[in-house]
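Read left to right, the sequence shown gives residues 1 to 171 (UniProt numbering).
Honestly, I wouldn't trust all of these hints.
Said to hold, decoys possible - Beta-carbon label-pair distances, calculated as ranges:
(1) 83 to 145: 17 to 23 Å
(2) 120 to 53: 43 to 49 Å
(3) 45 to 86: 31 to 37 Å
Stated by the list, open to error - No farther apart than 25 Å at their CA atoms in a straight line, the calculated lysine to aspartate or glutamate pairs in the DMTMM-like style are these:
(4) 151 to 132
(5) 151 to 168
(6) 151 to 139
It is worth saying that the hints were derived from the structure and are not from the lab. We put the CB at the ideal spot given by N, CA and C, even for glycine.
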Amino acid sequence: MSTYTRTQHRKKCQGPVSFAESWAAQQQAGRVRSPGAPGPLTLKEVEELEQLTQQLMQDMEHPQRQNVAVNELCGRCHQPLARAQPAVRALGQLFHIACFTCHQCAQQLQGQQFYSLEGAPYCEGCYTDTLEKCNTCGEPITDRMLRATGKAYHPHCFTCVVCARPLEGTS
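Make the full structure from the sequences, and use the hints.
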C-alpha cells in the first residue's frame, strides 16, 4: 500500500495505522531516503504533509472570509482584492484591473505603457497633453527645453528671427 494513503489497516482487530506509525515501520526496515533525495518521504515530511492535508480539508469544510491585509486593498477604490482575482501592481500599489485607469481619460492601462504624474497613472496621450508646448512649432517638448522670454522652445526651434539659424549655445 502507498505511503501516501491516509491510513493503512492492520488486521481488523488492531485498527488503523497512522502515517507516522507506518513511516516509522518503513524507517526501521531501512526504506528511508536522506532529506532532499528522491524517494519516499521522511517521517517529518509525512507528518507535515498530514498536517497540511488536515488543514486543507478543514478549510474546505468550513470556509471563512480571509482577513485582507491593508496592502491588499485596491489603490484606487480601496476595496479588498480577492486572492483569486487578477490584479495590477503599479506605482507601489495593487489595483483591480478595472480600477487601473488613466487619471485624465479613464482608459484602462493594464498591459500598456503609462506615465506617473504626481503619483497618478496617465496614458501616453494624456501625459503628452500635460507637457509644455514649443512656442515655435506647438509640439510637446519631450526632451531638452530652452526657455527664453518666459516661453518654452525645442533647442532646434529656438532660432534667430532674421536668419533662422539656431541660437542654442550662443550668447
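Hint by hint, here is what the structure shows:
| no. | hint | result |
| --- | --- | --- |
| 1 | 83 to 145: 17 to 23 Å | violated, 46 Å |
| 2 | 120 to 53: 43 to 49 Å | holds, 46 Å |
| 3 | 45 to 86: 31 to 37 Å | holds, 33 Å |
| 4 | 151 to 132 | holds, 9 Å |
| 5 | 151 to 168 | holds, 14 Å |
| 6 | 151 to 139 | holds, 13 Å |
Checked against the numbered hints listed earlier, the structure breaks hint 1 alone; every other hint is satisfied.
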